[in-house]
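Just so you know, the sequences run in chain order U and D. Under UniProt numbering, think of the first position of the first sequence as 1, with each following residue one higher. Under UniProt numbering, think of the first position of the second sequence as 1, with each following residue one higher.
Treat the hints with caution; some may be incorrect.
As the list claims (entries may be wrong) - Capping the alpha-carbon separation at 20 Å, the derived lysine to any residue pairs in SDA-like fashion look like this: (1) D/K101 - U/T18; (2) D/K380 - U/D47; (3) U/K62 - D/H279; (4) U/K38 - D/E262; (5) D/K376 - U/G34; (6) D/K275 - D/L253.
Simulated from the structure, these hints should not be mistaken for laboratory data.
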Amino acid sequence: MNLSELTIGDCGTIVDFTDQEMSVKLMEMGCLPGELVKLEQVAPLGDPIAITVAGYKLSMRKQEAATILLKR
Amino acid sequence: MSEQLKVALIGNPNTGKSTLFNDLTGLNQKVGNFPGVTVDKKTGIAKLPNGHSVEIIDLPGIYSLYAKSRDEQIAFEVLYDRKGTLRPDLVIVVADASNLKRNLLLYTQVADLNIPVILVLNMIDVAESNGLKIDINKLSNKLGIRVIAVNARQNKGVDDLKQAIANATRVATQLRTIKVEELAPELIGEISEKFPVSSPYEALQLAHQHENLSSLSTEQSDLIETLEQKHSFHSSSNQAKETVARYSFINDLLFDCVTQDESAKGETFSNRIDKVLTHRFFGLIIFVLILFLVFQSIFTFAEYPMSFIETAFLNLEQWLSRVMPDGVFTNLLINGVIAGLSGVLVFLPQIVILFFFIAVLEDTGYMARVTFMMDKLMRKVGLNGKSVVPLISGVACAVPAIMATRTIENWKDRVITILVTPLMSCSARLPVYTLLISLVVPDQKILGFLSLQGLALLSMYLIGFFAAIGAAWVMKKIVRSRERGYFIMELPIYRMPRWSHIGLQMYEKAKTFVSEAGKIIIAVSVILWVLSTYGPANKMAAIDNKYETLAKTAGNDQKLLEQEKSAEKLEASYAGILGRSIEPVIKPLGYDWKIGIALITSFAAREVFVGTMATIYSVEGEGDNLVSVRQKLSSAKNPETGLPVFTVATAFSLMLFYAFAMQCVSTIAIVYRETKSIKWPLIQLAYMTAMAYFAGLIVFQLLK
């Protein structure tokens, strides 16, 4: 599954990325393989989303979240 | 030591870096510009305990040395450029102690560049209240550098930092964090031989960023490109490897130096606020209420200081015209320079008030939530969540609104926002709309309570808004960008605003506007003054003679004569000649040459329209008396046809023209300043004029 499929309050562990260019940016922001993420909020219009990762809150669009592969 | 030590502050956004900069330098700072980018270059002088002083440079907030926007590139550029005047002798990495893991990534990059470095752990109070215990001595030993805990908001630890700067050596002491050479051994080796790098990591950074570095020549950049191909270097997979290695170093480090008190975890205060402020339903309502408050405040609070400034300048003009001898110089001073100056200063209250709110919203962390909530909507039309605030502010005045686009990192989104913001109906259009609506729209109520004139005014605002959205959508398709659009943004924790920081920001914005846009505005005002005061000498002399004779004739009203004289002079002036020469072009829109003059003079500022119409139709008394201007205009007849000049068709055509046309020198000046290029203001001027012309044409031809 990928990050855009989580529901609010759900957690997952990052396993891999589907887009290398995007993965570099995400990793710099602390989204690394092995890191636990939790979906905190969804914007009122359904996109973007906000997650907790590495101890802080990060928001991204669903299209970017879809490049992050998770395992439960 | 003869030369002053240079110290650069570098760190992630939202780490309190600017507050620390203010604490270190006090009011002893200068805001300038880095060449080619739009980040403010803030430098200041800090006094050290040993009596020496050092120059502090505040670099833009970044998460990594790998730049994601043009503005971010400046950070590595400053650290690399050997010839640059800013290259620091010491770098202070400012890290948010409550979020060390991500913040230390930038530290490890800077440390590997082999520049002397000090690590500051800011917001140590937040970390402690989150239950984080950081062993600072251990961290310091493991990294091989001084680590200082600071609470910049309360000015705690700043003296320790100053002492550490004073004690800093010019030799880098830090231990290497990762084995950089292993990432690309041959390539790093070859670049290190051919370029003056002080560390393998600097060589690797050159490999990644050579295309963006202005201090490299094209040949140098091409050479690196060739080397990369030779060693089949792949930039993004290499960066990914590097980042993984850096985080594994950081994880080991934090495992040894930081302990987390689990009992302090749980739902944070910030998270609970977010549940309300970004709520599906209440989130949007609260946002609209806040916007309403900001907007109302700009109009209500700015009104008094604005009319005070206007009155003060009016009094100054009157006083000067009494005490100064008649002549060209007095006229230039009063109607050129002072009129221009007053046109600049009158915007100040709105700018200061808007930036007060923007600074508060930014500082508390709410602005990031606005972006978060509005991104989807704005993205559909080619804008960005952060475009909302500039667009709304544009209803007060496009100048501060365009200055507010600096928060948009993505260059394309930012340019589009700048290009469309002036379409929002700003307050300078209000007198023009009010005059024209009162001329042609009957003062009636429909359905018993809706004022027809009010509805017409509301429609003008809506037209402006939809024009801005539509134009953005078209530009999204046209403007090309190398940057890939993405949205990965930190939502910082909510904090109380720092009032001194906000005061400083308001002061800076005001100063920037007056000094940078002011020059251009005054220059154009003087040019317009020359155009409307001077004309072919023989014609002007003839008018002077005519009125001199008339003035001697007994029984003539001297005051009326003065008005008629200035009307005739304006007609004979270069502006008048221009007005007549553009008449064939504007005739299809329903305008005569008199309106043409007003179009030319209101190029400096839209509200000048009313004053010019007053002069042309030689209105009695002060030019800003709307009622008397209206009476004159409604009785104005076309000398050829005998029909009224201001028909419904002409008035609506004019209103649409003013809605779309770029008639504001201040905006052009600020767009030039913010985009650093003459290209964008010209494109804006061209597209808006074209829109104005065709909208006016279509409306006039349909309604006439």
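Would you list, in rising numerical order, the hints stated earlier that this structure does not obey?
1, 5 and 6
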